[in-house]
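The hints should help you fit chains C and F onto chain X, whose structure is shown.
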Amino acid sequence: MKTGKNTIVIDSKIGDGTQIWHFCNIYGSKIGRNVKIGSYVEIQNKTNIGDDSIISSHSFICSLVDIGKNVFIGHSVMTVNDINPPSFKRTGSKSEWKETKICDNAVIGSGCVVFPVRIGINSVVGAGSVVTEDVPDNTKVAGSPAKIIGKV
Amino acid sequence: MKTGKNTIVIDSKIGDGTQIWHFCNIYGSKIGRNVKIGSYVEIQNKTNIGDDSIISSHSFICSLVDIGKNVFIGHSVMTVNDINPPSFKRTGSKSEWKETKICDNAVIGSGCVVFPVRIGINSVVGAGSVVTEDVPDNTKVAGSPAKIIGKV
Amino acid sequence: MKTGKNTIVIDSKIGDGTQIWHFCNIYGSKIGRNVKIGSYVEIQNKTNIGDDSIISSHSFICSLVDIGKNVFIGHSVMTVNDINPPSFKRTGSKSEWKETKICDNAVIGSGCVVFPVRIGINSVVGAGSVVTEDVPDNTKVAGSPAKIIGKV
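Quick mapping for you: the protein sequence lines, in order, are chains X, C and F. Note that my numbering has the first sequence beginning at 5, numbered continuously upward. Note that my numbering has the second sequence beginning at 5, numbered continuously upward. Note that my numbering has the third sequence beginning at 5, numbered continuously upward.
It should be emphasised that the hints constitute simulated quantities derived from the structure, not laboratory data. A portion of the hints provided could be inaccurate.
Identical chains share a label here; the pair holds if one copy fits it or two copies do between them.
[As the list claims (entries may be wrong)] Capping the alpha-carbon separation at 27 angstroms, the derived lysine-lysine pairs in BS3-like fashion look like this:
{"no.": "1", "residue 1": "40", "residue 2": "98"}
{"no.": "2", "residue 1": "144", "residue 2": "93"}
{"no.": "3", "residue 1": "93", "residue 2": "105"}
{"no.": "4", "residue 1": "155", "residue 2": "144"}
{"no.": "5", "residue 1": "34", "residue 2": "17"}
{"no.": "6", "residue 1": "73", "residue 2": "40"}
{"no.": "7", "residue 1": "102", "residue 2": "144"}
Isolated chain X (complex conformation):
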């Protein structure tokens, strides 16, 4: 693991060859090999990031997000686990939080918001999209809310 300046990594398992840039805040995550993580990225606990993936600067990966191998996450991508926030504060439990699965080889453009959905294998989400529904495998989506615009 190679880390930049002022980066915080605690309680995490980080694979060989992974690079984490500056001003990151990572806790309780399981991150594979040869992953690249840009600056100002926060990754919460109960997350997985597969080998060879890229998480670009300013992104937020919340608890219960499972990212496959060779995935590309653009800049300032916000994942969501609580669709009725703040449920933990209201109920004292995290049981309402939902999982997100971003499958192998998926690409998510910059500036997207990703609700707790499954984004399929090889699928592509256009930059600036708001993803509120599952994306099938090998499918391109874009827009707010994101709609299918073609196949990969």
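This is chains C and F only, laid out in the frame that chain X set:
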């Protein structure tokens, strides 16, 4: 007040029990009790944040934003006070800047842009929305631009 | 040049009177005089920023972005150079990356995503827009995707 690493807080009044995480930049703000502020949050001067509110990571709270009690602000929420920027640079005065009021118990999802409006009591703004008009009390809005989708 | 706390500036040329705030990450950029750069801004190499421009907090200026003079970039504006990411990882070459030109006096509101386009002289992009096509000079656009809404 409990602060994380590399956080800057100046000229601010911070209530008991408030937690501020890492890499924050807060100046000239009046922040209540038991507030939680995530990492990478900038809060400008001439702002108020009420007791028990949450400001999530990567958000920007600009001057003239007044946030009530028990409000939830998601991640990467950008507030706006200047609808014809950069008016201060152009005119030498901040007189064109407008106020935003986010009322008690309001919820603003991640990735929203909030123009200088009033967001009503108990109201909910869906993640990824661009809020260009006032939101009545007890109302759900979503989209770009945000439209009313129901009552709370 | 005046820099804030914890800011990283390497291999860059910075003009007189330019102010860079906290937690920035700037490398290989040519930045003019009297520029203001907010906190949490990343500016990559092969970029130009003209005199008297403002780059607001949380924004990302990627390689091959050329910003003119007296330009205003709002908060959390994400520029894009790769419309089929991650092309560098896939091909080993940056030849698929495209240029963005943001012309003199242009204004880009907060929360925008800007594809590799030309944004014309004096033109204005509304906050929260996704700019996928060139914007003519003296033109206002807004929306996702951004459409022409008037003249300046």
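The hints, checked one at a time:
1. Taking identical chains as interchangeable, the C-alpha atoms of residue 40 and residue 98 lie at most 27 angstroms apart only when they sit on different chains, with a minimum of 17 angstroms there against 29 angstroms within one chain.
2. When the C-alpha separation of residue 144 and residue 93 is checked against a cutoff of 27 angstroms, the pair qualifies only between copies, where the shortest distance is 20 angstroms, while the shortest distance within a copy is 36 angstroms.
3. In the homo-oligomer, the alpha carbons of residue 93 and residue 105 lie at most 27 angstroms apart both inside one protomer (24 angstroms) and across protomers (22 angstroms), since each shortest distance falls under that limit.
4. For a Cα distance limit of 27 angstroms, the shortest separation of residue 155 from residue 144 inside one copy, 6 angstroms, qualifies, whereas the shortest one across copies, 33 angstroms, does not.
5. For a Cα distance limit of 27 angstroms, the shortest separation of residue 34 from residue 17 inside one copy, 5 angstroms, qualifies, whereas the shortest one across copies, 38 angstroms, does not.
6. In this assembly of identical chains, residue 73 and residue 40 lie within 27 angstroms of each other by CA distance solely inside one copy; the values are 12 angstroms within and 33 angstroms between copies.
7. For a Cα distance limit of 27 angstroms, the shortest separation of residue 102 from residue 144 qualifies both inside one copy, at 23 angstroms, and across copies, at 21 angstroms.
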